Amino acid sequence: MLILSLIEARPRHGYEISKLIEQRSGGAVRFHVASLYPLLYRLERRGWIQGRWVEKSGQRRRRYYRLTRHGRRVLAAQLRGWREFVAGIHRITEVKNA
Amino acid sequence: MPEWKSEILRRLASLNLAPAREVEIADELAQHLEDRYQELLSRGETPESAERAALDELRGEDLLARSLRPVERSFYREPIAPGRATGNFFSDVLQDIRYAFRILCKTPVITAIALLSLALGVGANTAIFSLIDAVMLRMLPVQNPEQLALIKFRSPASAHLRQSATNPIWEQVRDHQDAFAGVFAWSPETFDLADGGEVNNIHGIYASGSYFTTLGVRLAAGRLMAASDDVRNCAGVAVLSYGFWQERYAGAQSAIGSAIRLNGHSFPIVGVAEGSFFGTEIGVPLDVAIPICAEGILDGKNSMLDDRSSWWLEMMGRLKTGMTVEQADARMKVISPQLFGAVVPQDWPAKYQDVFRKYTFAILHGDTGTGGIYGLRERYTRPLEILMFVVGLVLLIACANTASLLLARSAARQKEIAVRLSLGASRGRLIRQVLTESVVLSSAGAILGILVARWGSSLMVRFVSTQQSQVFLDLQMDGRVLGFTIGIAVLCGLLFGILPALRGTRVDAMSAMKEGQAQAAGGRSHSSAVRWIVGVQMALSLVLLIGTGLFISTFANLMALDAGFDPNNVLMIETNIHNAQIPDTARASLYGQMLAKLQAIPGVVSASQCWVTPLSGHQWDNSVTVPGHPLPAGVEPDTFLNWVTQGYFETMRTPLLEGRTFGARDSATSTPVVIVNQLLARRYFGSQSPIGEHLLVGSGGTLTFRMLRQPMEIIGVVQNSKYSSLNEDFMPEAYFPLSQIQQNVAENTAFEIRTAMTPGALIPALRDAMGSVNKLASLQFTTLKQEAGDTVAQEHLLAVLSGFFGGLALLLTAIGLYGVMAYVVTLRTHEIGIRLALGAQRSSILRLVMRDAAIVLVVGIAAGLLGSIWITRLVKGLLFGLTPNDPVTMGLAIAAMAMVALAATYIPAQRAIRADPMVALKYE
Chain L
1 MLILSLIEAR PRHGYEISKL IEQRSGGAVR FHVASLYPLL YRLERRGWIQ
51 GRWVEKSGQR RRRYYRLTRH GRRVLAAQLR GWREFVAGIH RITEVKNA
Chain E
1 MPEWKSEILR RLASLNLAPA REVEIADELA QHLEDRYQEL LSRGETPESA
51 ERAALDELRG EDLLARSLRP VERSFYREPI APGRATGNFF SDVLQDIRYA
101 FRILCKTPVI TAIALLSLAL GVGANTAIFS LIDAVMLRML PVQNPEQLAL
151 IKFRSPASAH LRQSATNPIW EQVRDHQDAF AGVFAWSPET FDLADGGEVN
201 NIHGIYASGS YFTTLGVRLA AGRLMAASDD VRNCAGVAVL SYGFWQERYA
251 GAQSAIGSAI RLNGHSFPIV GVAEGSFFGT EIGVPLDVAI PICAEGILDG
301 KNSMLDDRSS WWLEMMGRLK TGMTVEQADA RMKVISPQLF GAVVPQDWPA
351 KYQDVFRKYT FAILHGDTGT GGIYGLRERY TRPLEILMFV VGLVLLIACA
401 NTASLLLARS AARQKEIAVR LSLGASRGRL IRQVLTESVV LSSAGAILGI
451 LVARWGSSLM VRFVSTQQSQ VFLDLQMDGR VLGFTIGIAV LCGLLFGILP
501 ALRGTRVDAM SAMKEGQAQA AGGRSHSSAV RWIVGVQMAL SLVLLIGTGL
551 FISTFANLMA LDAGFDPNNV LMIETNIHNA QIPDTARASL YGQMLAKLQA
601 IPGVVSASQC WVTPLSGHQW DNSVTVPGHP LPAGVEPDTF LNWVTQGYFE
651 TMRTPLLEGR TFGARDSATS TPVVIVNQLL ARRYFGSQSP IGEHLLVGSG
701 GTLTFRMLRQ PMEIIGVVQN SKYSSLNEDF MPEAYFPLSQ IQQNVAENTA
751 FEIRTAMTPG ALIPALRDAM GSVNKLASLQ FTTLKQEAGD TVAQEHLLAV
801 LSGFFGGLAL LLTAIGLYGV MAYVVTLRTH EIGIRLALGA QRSSILRLVM
851 RDAAIVLVVG IAAGLLGSIW ITRLVKGLLF GLTPNDPVTM GLAIAAMAMV
901 ALAATYIPAQ RAIRADPMVA LKYE
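So the protein lines, in turn, are chains L and E. When we follow my numbering, the leftmost residue of the first sequence carries the number 1, and every step to the right adds one. When we follow my numbering, the leftmost residue of the second sequence carries the number 1, and every step to the right adds one.
Since the hints were derived computationally from the structure, they do not count as laboratory data. Keep in mind it's a predicted model, so treat the numbers as computed, not measured. What you were told as hints is all true, and nothing was included just to trick you.
Each computed DSS-like pair below joins lysine-lysine, with the alpha-carbon atoms no more than 27 Å apart:
| no. | chain 1 | residue 1 | chain 2 | residue 2 |
| --- | --- | --- | --- | --- |
| 1 | E | 597 | E | 785 |
| 2 | E | 358 | E | 333 |
| 3 | E | 351 | E | 333 |
| 4 | E | 5 | L | 19 |
| 5 | L | 56 | E | 5 |
| 6 | E | 320 | E | 333 |
Assemble the whole structure, with the sequences as input and the hints as a guide.
Given below as structure tokens:
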């Protein structure tokens, strides 16, 4: 879900994704190469994301990942599920505090 | 710059990746490490520490390979993921079926309940349908049955068709018609194989010589009857049915040419009809056919052959090729005056003779069902339609039951489905898989159902068969029945499978795999669907229950009603002294001797004799007039009559309300007397006493019995009693004393014996007593109770079957509700645990769970009530003593439904409140 939402707006390459996760989580969540890429490949195999080699002038060739249409649907469903989950937890903890 | 690629490739080596893929991964990862390295350098790290940190991303020697292996395995073998399309339709179907069996075996209880309810549902439907098929849909098993037409006629004054013809009319039709390629006539008759003693009746017909040839019946042995066999003063021949030939003669050729004794006369057997032929009347068995002319041999002096007022023959014709029923009808109408004019009954009053001359023929399609050949169709079409509707409802309930069970199970299978989806199964493919399961289930149910049906339909035929009219039906599973069963099985499979299939496969793979919350979220939508189904089920069963209640009350009303006599412990002996050849003037004393012998037997409380056996279906009626007491306009003067001996009312326990009963003083020489029933007395005399008044039967003059030609003095009034059937209204009745006639006494009579013990136990003694008077008298024993039951066989059938199906529906609904509530409670275990932990009262939890069921119950009952009000109107004609919207029946049905529903809910609810909060919360 994290990865999917990061490439929702525009395609990103692996390094960029790992940086963003690290930054946005304030360093709490970190992906290493050994765990990030297997995950990306798995998502790619499922057809949720698609990687493509891009060469920009003055830069080395990088593989950019973008969200597929299917991936977009999956992301929406996951976000919904997540929100419900959080709301549920929230309700429970509220009750407990009451 | 460090050499990242070699570091990476070393770690990938163990994966044996395709070279191109390996390079691609290495490129990408190397780029990542390089980016990381550059970034660390730019932060001011030393090249050494930056390189170390970048390599650290790879996490040791083997983590990368381990994580990549499942994703990148080159020989990627699909784990067991049924539901993934292989592109091969047939192997998919086989796989589906195999898998369906595995799944069904994994949940044996659910499977067993589903199978049982389906087997009963499908079985009941098949059984009723095979009856409908045999009674209503199948044509006669003869050549071109569609060419057959019934030949009836009607009087100009009446719209009703005459059911039967006299022999003179038939002979006119036979000799003078030119509208048909061939015509034939027949009359059903029972023949006694025994030469006296207890009767051994078989089902036969008098058939015209053209009967077999016109029908186109083929031959099994010997020859069939020909026109030359059916001429006046014939010697008589007999043609056997195939079944009778097999049963009595074991199919022996030697039977042909041997003689068969019918009512004490010998007939040579000339042939056997083919196996599939069972006569022209569906549902009536046929054992033997003898020519119409043989009636003269059997009935001798009383022969009806020349009687112009004895209506006993049915006529049919085979249309000429290319001719329609309408054309034949028009042609027959043209020749009607000529034909009827030739056979006018000379003893009729002139007025009626004129009416007779104006009779016209009416030709009807062979399958019109207006009496005659399809009498059974007429009698049982409505009950069969109702039963078909009833079993249809049962099947729907069974389907709903199975659907809710499968739905509950599919909720439990969410995780499995989720795994399959994530392994690449397409939803459409999974739906097909789940539907296959349903169809496998319903097919298995159908196979069991066919077994249930075979047993059930023959049981039902036995049910509707009475001693008087045995029902014989060819209940073979033909293509139509089999097609019907397969059709409903597949339909059921789709019906109860479609919802679980659609619901069950709408799974969010990710969240379903995250266990708990998915159960709750998915489960809730499931349980609402299940509630719907159970609500529908309740509505349907309530309709059935109300119907059941109506039919059972009808039957109970009929059995409990005061028939005007006490049918318990009364044995009837139908007696025929035809074989003894006793002159009519000597018969009265013979009967008297028999009666005296019967009365002397220990265990006989009282005995009497009468002419028309009550509730036998026979009737004798005539118009009655009372001088000085005219009937109001519009009231029919028709009265039911009977000859009885003096002990009759005591034996039948029909209370005497006024005056006296017959006694020794009423002899052939004394004043003719009559006893009437209450209805007749009230009709003619209102509140006045009829005692001492006089009564006249018919127009006097032409009556056979001289005694009836004069006014008779009314000496007593008895309570009303049923005459020919329990479900008819009371009729005006008049009883004459047998002691006052000495001449024209009939060859047949009936004795009624009230016994102190079970009537059956006395039969041997009674048989001996009758035999000691005359060995040749034919005797047939029945109990009055049996006769009474036979007249309401149809109501009995409906009561028993709808009772059975109503109970079944209730049981299915209870199982369904129990299953659903148990499931809902399981889903809410956490919630209930939390509530309990927070201090909720157990009673409030109980309320919470019961409320769930109560809502379903109330909605179901409301819908069911509306449905039944709408539907029970249709059975109005079949009810007795209550209206279709009988409030008591409805109330009882609702109470039964509510009780069963609450009981089915209470057990899961109890389990819910006993839940240990700790256990429940540990789920979280």
